[in-house]
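Residue-level listing of the chains:
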Amino acid sequence: GESVGLHLPTLSVQEGDNSIINCAYSNSASDYFIWYKQESGKGPQFIIDIRSNMDKRQGQRVTVLLNKTVKHLSLQIAATQPGDSAVYFCAEIPGSGNTGKLIFGQGTTLQVKP
Amino acid sequence: DTGVSQDPRHKITKRGQNVTFRCDPISEHNRLYWYRQTLGQGPEFLTYFQNEAQLEKSRLLSDRFSAERPKGSFSTLEIQRTEQGDSAMYLCASSSDRDIRYTFGSGTRLTVV
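Here the protein sequences line up with chains A and B, keeping their order. So that you can map any letter, position 43 of the first sequence is 43 in the numbering used here, and since no number is skipped, the others follow by simple counting. So that you can map any letter, position 24 of the second sequence is 24 in the numbering used here, and since no number is skipped, the others follow by simple counting.
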């Protein structure tokens with residue numbers, strides 16, 4: 001089946017540096033993409049989303065980039081902090097997305113070194 | 001209403017027993033989702049409710065699994081004759097028709113021994 005996957009299982013960065021987490025998706029018909037953060041023992045927490053008619057969207061310290069040509073999604077975190085340490089998942093809503101069903105990738109663990 | 005609540009947080013059960021989990025969504029959300037997450041993996045879709053109607057079920061939801069949302073508010077997920085392979089985190093999420101961004105609960109971690 002189609003899936004959303006992440007390039008690296010673990011990313012280690014120094015506090016204060018910028019982090020870039022990548023994701024490749026396979027469903028070219030997907031219309032909506034979301035990044036989630038999951039801390040240990042908690043459910044996924046919404047970070048930022050982007051629709052397929054956009055290339056870039058910025059939030060507070062986070063930016064999502066969408067490259068539909070190569071079906072690639074990335075999450076950039078500026079000035080990474082220890083509180084950013086978590087597992088990050090990209091997810092997509094395939095097809096028309098009427099149900100809102102999400103397909104998640106496997107996750108990247110971000111480790112922030114003080 | 002502080003978010004999506006799930007109960008219990010943890011459940012340990014013996015193989016072959018039945019278990020039931022409860023999810024209370026955000027009150028104004030009409031959509032409710034169940035996902036399953038195993039260690040190191042992303043959540044996998046199980047089923048979706050719009051109000052009280054169960055509109056989609058994954059192939060992952062075998063005959064031993066049943067989910068209900070009788071009044072369009074809280075939902076229950078029951079697993080009958082549990083197997084060790086059912087051990088996972090069961091996540092509930094809710095959203096509205098106007099805003100598809102989910103709010104997830106903290107999950108119920110099931111361990112089948």
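Hints may be right or wrong, so weigh each one.
With a Cα cut of at most 25 Å, we get these calculated SDA-like pairs of lysine to any residue [what the hints assert, rightly or not]:
1. B:11 / A:39
2. B:57 / B:112
3. A:42 / B:83
4. A:101 / B:17
5. A:101 / B:14
6. A:42 / B:73
7. A:42 / B:39
8. B:71 / B:97
9. B:57 / B:80
10. A:71 / A:10
11. A:56 / B:86
12. A:113 / A:22
For each label pair, taking beta carbons as the anchor points, the in silico distance ranges come out as [said to hold, decoys possible]:
13. B:27 / A:46: 29 to 39 Å
14. B:3 / A:95: 23 to 33 Å
15. B:7 / A:78: 32 to 42 Å
16. B:8 / A:18: 15 to 25 Å
17. B:8 / A:46: 35 to 45 Å
18. B:60 / A:41: 21 to 31 Å
19. A:111 / B:20: 35 to 45 Å
20. A:39 / B:58: 36 to 46 Å
21. A:55 / B:98: 22 to 32 Å
22. B:96 / A:22: 42 to 52 Å
23. B:66 / A:26: 44 to 54 Å
24. A:26 / B:63: 27 to 37 Å
25. B:22 / A:70: 21 to 31 Å
No wet-lab data here; the hints were simulated from the structure. Heads up, the beta-carbon is just placed ideally off N, CA and C, and yes, glycines get one too.
Results of checking the hints against the structure:
| no. | hint | result |
| --- | --- | --- |
| 1 | B:11 / A:39 | 20 Å, holds |
| 2 | B:57 / B:112 | 23 Å, holds |
| 3 | A:42 / B:83 | 24 Å, holds |
| 4 | A:101 / B:17 | 29 Å, violated |
| 5 | A:101 / B:14 | 31 Å, violated |
| 6 | A:42 / B:73 | 22 Å, holds |
| 7 | A:42 / B:39 | 13 Å, holds |
| 8 | B:71 / B:97 | 18 Å, holds |
| 9 | B:57 / B:80 | 17 Å, holds |
| 10 | A:71 / A:10 | 21 Å, holds |
| 11 | A:56 / B:86 | 39 Å, violated |
| 12 | A:113 / A:22 | 20 Å, holds |
| 13 | B:27 / A:46: 29 to 39 Å | 18 Å, violated |
| 14 | B:3 / A:95: 23 to 33 Å | 28 Å, holds |
| 15 | B:7 / A:78: 32 to 42 Å | 37 Å, holds |
| 16 | B:8 / A:18: 15 to 25 Å | 40 Å, violated |
| 17 | B:8 / A:46: 35 to 45 Å | 24 Å, violated |
| 18 | B:60 / A:41: 21 to 31 Å | 23 Å, holds |
| 19 | A:111 / B:20: 35 to 45 Å | 37 Å, holds |
| 20 | A:39 / B:58: 36 to 46 Å | 26 Å, violated |
| 21 | A:55 / B:98: 22 to 32 Å | 25 Å, holds |
| 22 | B:96 / A:22: 42 to 52 Å | 31 Å, violated |
| 23 | B:66 / A:26: 44 to 54 Å | 31 Å, violated |
| 24 | A:26 / B:63: 27 to 37 Å | 30 Å, holds |
| 25 | B:22 / A:70: 21 to 31 Å | 43 Å, violated |
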